[in-house]
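Asker: Protein chains in written order, with this note's numbering: chain A, 1 to 323; chain B, 1 to 320.
Note that these hints are calculated values from the structure, not bench results.
Every residue, glycine too, gets a C-beta built ideally from N, C-alpha and C.
Please note: incorrect hints may appear among the correct ones.
[Stated by the list, open to error] Restraint-style ranges between C-beta atoms, simulated for each label pair:
#1 B:Arg251 - A:Met91: 30 to 40 Å
#2 A:Tyr277 - B:Gly149: 38 to 48 Å
#3 A:Asp313 - B:Ala183: 50 to 60 Å
#4 A:Gln124 - B:Pro55: 48 to 58 Å
#5 A:Met91 - B:Gly225: 30 to 40 Å
[Claimed, not checked] List time: in silico BS3-like cross-link candidates among lysine-lysine, alpha-carbon distance up to 30 Å:
#6 A:Lys47 - A:Lys159
#7 A:Lys42 - B:Lys3
#8 B:Lys275 - B:Lys31
#9 B:Lys162 - A:Lys47
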Amino acid sequence: MAKLTMREAISQALMEEMDRDPAVFILGEEVGVWGGTYAVTKGFYDKYGARRIKDTPISEAAIVGAAIGAALVGQRPVAELMTINFAFAAMDHIVNQAAKLHYMFGGQFRLPLVIRAVGGGGRQLGATHSQTPDVIFAHFPGLKVVSPGTPADAKGLLKSAIRSDDPVLFIEHAAMYQSRGDVPDGEHLAPIGKSTVQRPGQHVTIVTYCKGLELSMKAAETLSAEGIEAEVIDLRTLRPLDTAPVLESFRKTNRAVIVEEGWRSFGIGSEVSTRIYEEAFDYLDAPIKRVAQEEVPLPYNRALEQDALPQVDDVIAAVREVL
Amino acid sequence: MKKEQQLDLYHQMVLIRRVEERGAELYQQGKIGGFMHLYIGQEAVSTGIIAARQPRDRVITAYRDHGVAINCGIPAKAVIAELLGKSTGTSKGKGGSMHMADVERNMWGGHAIVGSHLPIAVGMALGDQYAGSDAITICMFGDGATNIGFFHEALNLARVWKLPVLWVCENNVYGMGTSVERASAVPSIAMKASAYDMPSAVVDGMNVMLVYEAAQTAIDYVRAGGGPFLLEANTYRFRGHSMGDPERYRRQEEVKQWQENDPIGIYRNVLLERKIGSKSLDEIEAKVEAEVNAAVEFAEQSPEPARDELYADVYVDDQP
Numbered sequence: 001m002a003k004l005t006m007r008e009a010i011s012q013a014l015m016e017e018m019d020r021d022p023a024v025f026i027l028g029e030e031v032g033v034w035g036g037t038y039a040v041t042k043g044f045y046d047k048y049g050a051r052r053i054k055d056t057p058i059s060e061a062a063i064v065g066a067a068i069g070a071a072l073v074g075q076r077p078v079a080e081l082m083t084i085n086f087a088f089a090a091m092d093h094i095v096n097q098a099a100k101l102h103y104m105f106g107g108q109f110r111l112p113l114v115i116r117a118v119g120g121g122g123r124q125l126g127a128t129h130s131q132t133p134d135v136i137f138a139h140f141p142g143l144k145v146v147s148p149g150t151p152a153d154a155k156g157l158l159k160s161a162i163r164s165d166d167p168v169l170f171i172e173h174a175a176m177y178q179s180r181g182d183v184p185d186g187e188h189l190a191p192i193g194k195s196t197v198q199r200p201g202q203h204v205t206i207v208t209y210c211k212g213l214e215l216s217m218k219a220a221e222t223l224s225a226e227g228i229e230a231e232v233i234d235l236r237t238l239r240p241l242d243t244a245p246v247l248e249s250f251r252k253t254n255r256a257v258i259v260e261e262g263w264r265s266f267g268i269g270s271e272v273s274t275r276i277y278e279e280a281f282d283y284l285d286a287p288i289k290r291v292a293q294e295e296v297p298l299p300y301n302r303a304l305e306q307d308a309l310p311q312v313d314d315v316i317a318a319v320r321e322v323l
Numbered sequence: 001m002k003k004e005q006q007l008d009l010y011h012q013m014v015l016i017r018r019v020e021e022r023g024a025e026l027y028q029q030g031k032i033g034g035f036m037h038l039y040i041g042q043e044a045v046s047t048g049i050i051a052a053r054q055p056r057d058r059v060i061t062a063y064r065d066h067g068v069a070i071n072c073g074i075p076a077k078a079v080i081a082e083l084l085g086k087s088t089g090t091s092k093g094k095g096g097s098m099h100m101a102d103v104e105r106n107m108w109g110g111h112a113i114v115g116s117h118l119p120i121a122v123g124m125a126l127g128d129q130y131a132g133s134d135a136i137t138i139c140m141f142g143d144g145a146t147n148i149g150f151f152h153e154a155l156n157l158a159r160v161w162k163l164p165v166l167w168v169c170e171n172n173v174y175g176m177g178t179s180v181e182r183a184s185a186v187p188s189i190a191m192k193a194s195a196y197d198m199p200s201a202v203v204d205g206m207n208v209m210l211v212y213e214a215a216q217t218a219i220d221y222v223r224a225g226g227g228p229f230l231l232e233a234n235t236y237r238f239r240g241h242s243m244g245d246p247e248r249y250r251r252q253e254e255v256k257q258w259q260e261n262d263p264i265g266i267y268r269n270v271l272l273e274r275k276i277g278s279k280s281l282d283e284i285e286a287k288v289e290a291e292v293n294a295a296v297e298f299a300e301q302s303p304e305p306a307r308d309e310l311y312a313d314v315y316v317d318d319q320p
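Here chain B stands alone, though its shape is the one from the complex (with noise of 0.2 Å):
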């Protein structure tokens, strides 16, 4: 990977954390409503997934979607905007947190029925497979969604049918507040990819550059013809399941032992070891304090959505 695209993806995996941690303080201030669930620790995952995308490949993934919006190319002013409900966020301020999308970038949404993406996700790999394009589909989700039967229909389907999917498990340990012993008969979801005679593997979600890489060799596979695959990324998520989390779950002192696996810290080591002088890393992120500041003086400047945009878009067609 040349020298600026490894320091593309320490600026996105920076911008992804200090969007999402002024987020927070726009949540506390009682700007964003609903729910607002944070990726802080695990922006390694997507960074890491979509680097290793073509533009035409296209990325859906669960209600945890902040992190892909911006890999996507999504602006974070957009991103924010969403946030607070404006006219300039990325759906209109009609679907909130949970729900960013933006076709032009390929970016499919922000899904919030744990699961529901899945059968859309091959979906979305049968219209291209139909249409005989070698664009792939990504579709990531949480551990908690290979417990429920749309994950199953979708890998049997999208196995049967050899269409092209790269499935992205981010095993982040719980699902909400139950842990993945507690709710999955086995441990490793990468296992579960042996029913449907689909190839998978495990990747360190906390190292971008080891996701980057294991994405790479999956989504060749993919778009080879190969069929789906199964790729799980082991990662944590620093923060509660959404903004009122009590973590009655969890210890305080195993939240605190992998922060120590900062993904962002372990990349920024990576660069350092690399020859790649702090001097830049501390550019990138004066950059992002700098693009995050405008993201969200922009978003509060915007308009609300006008009144009558209730009633937009229910249909397509027009209708009476």
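For reference, chain A alone in the conformation it holds in the complex (with noise of 0.2 Å):
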């Protein structure tokens, strides 16, 4: 076990994986000589070469669909979008090839490739190069969508990710790289399509993922100091979504509040809410409450920018409302 950032938890998963398996190789934009834009693989053209580690030019379409055709040919690439914002100048790649072809064509293909894209907001980079889209991905079956919000998982889902036979959306967050937590060495994988408790507790279930993790987690801690238990739920994947550890932590606790960085319309927070009140309502002592950003273009502007996003102090805020 290692403290480790979640920069170097992915970038360890990936060096894992591409020791392993021959087949694996990075393609993206500034991958290879520059080190990755965040980083991620700095290191990694010099230890793997051109050949496996390739730069392409900023051709978003032509980056996700390649890695589909090498991936249908046998290879498993791991491509990288810069941003997750960018996805959308490859959007057709994503939601109309590599979510349907192993069904289109009756079980014929197989794609096991896996689309790195880091998104999120709170880095003043103004509303082009700041969201988190991450609903839209997940609402296409055929698609895996994985959004790890630990250290740990980031290293135990990209490996499973890239072991796959499916085309699997990892999403990483901008704000996240530096973030600290244990590791495990070597061999670790993390399930794709089970959410995990990170924090058990009795008197409200907050369901969570990626970013709002974090957020989650501090609240829960000040919450417990006035003897308030949230148990926080990660989701960890958006699709295929596990909410069995969602339904039975609220027929304990009875109340929920849902916590996500996107925006609220048609987001996680009114897909898991729903969810809810499809198969507990029974147990529902109060309504249940979702935290999310504003619906705005996130503006450039440091406060305004962050009056936008979720903050801990509204998880608190929405504990609060539904006890």
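Two chains, two frames, some hints: make the complex.
Answerer: Below you can see the structure in the form of structure tokens.
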């Protein structure tokens, strides 16, 4: 076990899988000579060379399309999109191709590919570079959408994603690369499609993922000092969505708050709360609250941007409302 | 080319024609749903191209894919079964006319979003290059696909990485109802290769032998490691864009003019000039007739997909 940053954990997962399987290679903008825009692949080019670390032109459709094609013929490409905001330039290949080819051709095609993309706001990058559009991708059957909240899960989930025979969109958060946590050495796999309880509690259920986990854990600590014990559930995978731990927790606490960084409308909170209403309505003691981004494109100004993003205090306030 | 292969190409072209003519009838009878785009008039292109490939070479095409499917060796019965949405179809009835594939025969679809399969072809060639294989990828598409960004991203990247791709543009004059001259800044698709420092050639797409020879030259170049090559085949679709095309964008005289250049008729004359007797060609036609009758019967009698097939193959990995 080592204390690693999220960046180090992701980098370690990539390196371990490249060492384990010669079919794994990386392609994307600035992944090689530059060392990765967020330095995740720093040192990879020197270690693996240009054959396995492929710098691409600024061609998102070609990057994802090429990853699909290479996967079809038996390789295991990891495509990096510099930010998830650029995924919209590759939308057809993600949702019309990657998500559908296996099904549409009667199961003949296999697409063992990973698309890594970093998203998230809070870094004053303006409206087009600060989005958390995860739910858009989670809408499509055929795609797996993973977004870790801890360095250990980042390593374990990315390794599982690379070994998966299905296309996986792996979403990282730009403001979390420096977050530290215990990460098991060597072989460590976390299951895709399994939510997990990150903190036990009996008074309220907080459901979240990715950056929301950080906010929720801090909120839970503050609340704990007042004798309120929140159970925090990290979804980890948005599709396929595992609500079993959520429902189990809710049947115990009878109250829930759902925390996400993306916009409130049509979000994770809408989906998870509906599933609670559908499957555990009799256990409901208070309306479910959603903590999410304000319904505006994110502004550049630091104070305004922070006003738009969910904060620890928003989570605490939402918990008080449902209690 | 040996006599048997010459006759085999005639067989393939006639088979494509008859499968599609029967397909059109089945469509009119309401037995085929969705969109169906006929290849009639363009048979010489994919027949000539695919005759020049090695079995290890991969083929990927757009939605007008029945011809490519048959040229790649997919049996007519599996093609017609797919049109009817049956479980015995190329894609178990889940793809339809536009999505036929057979991985065993290196036929990688049937792709219905215009131009989207070009970057995928780049990846297939990348995968083979990465594996150290000398297989090449043959990517076929229409003139309409050359105006979308995918085309330019794909040709650029293929050239930057010197990938083994043969790009085949089937210029059939119209992207749906918009003619090339109304849609493309340059009238010749082959010209577009020059922007990527890529060699190109133009061939008469109504003459299967000329297509075959041009494909051989291009494939040799690509396989030798020269990088991608763009081959433009000038052709024409005799039928509408799809089954519901009112054809307001072209005059019947224009269609008739092209029909005088029927690729099957042209090839028949070539074979007759080569002293291959009309008797053996008539025999092929009779054989195709029987083959297509049997294929339609097979498809009609095949079972519908089981209802739980609905949930099969969303993912490879076992998931809750």
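Asker: Taking the earlier hints as the rules, which of them does this structure contradict?
Answerer: Those not satisfied are hints 7, 8.
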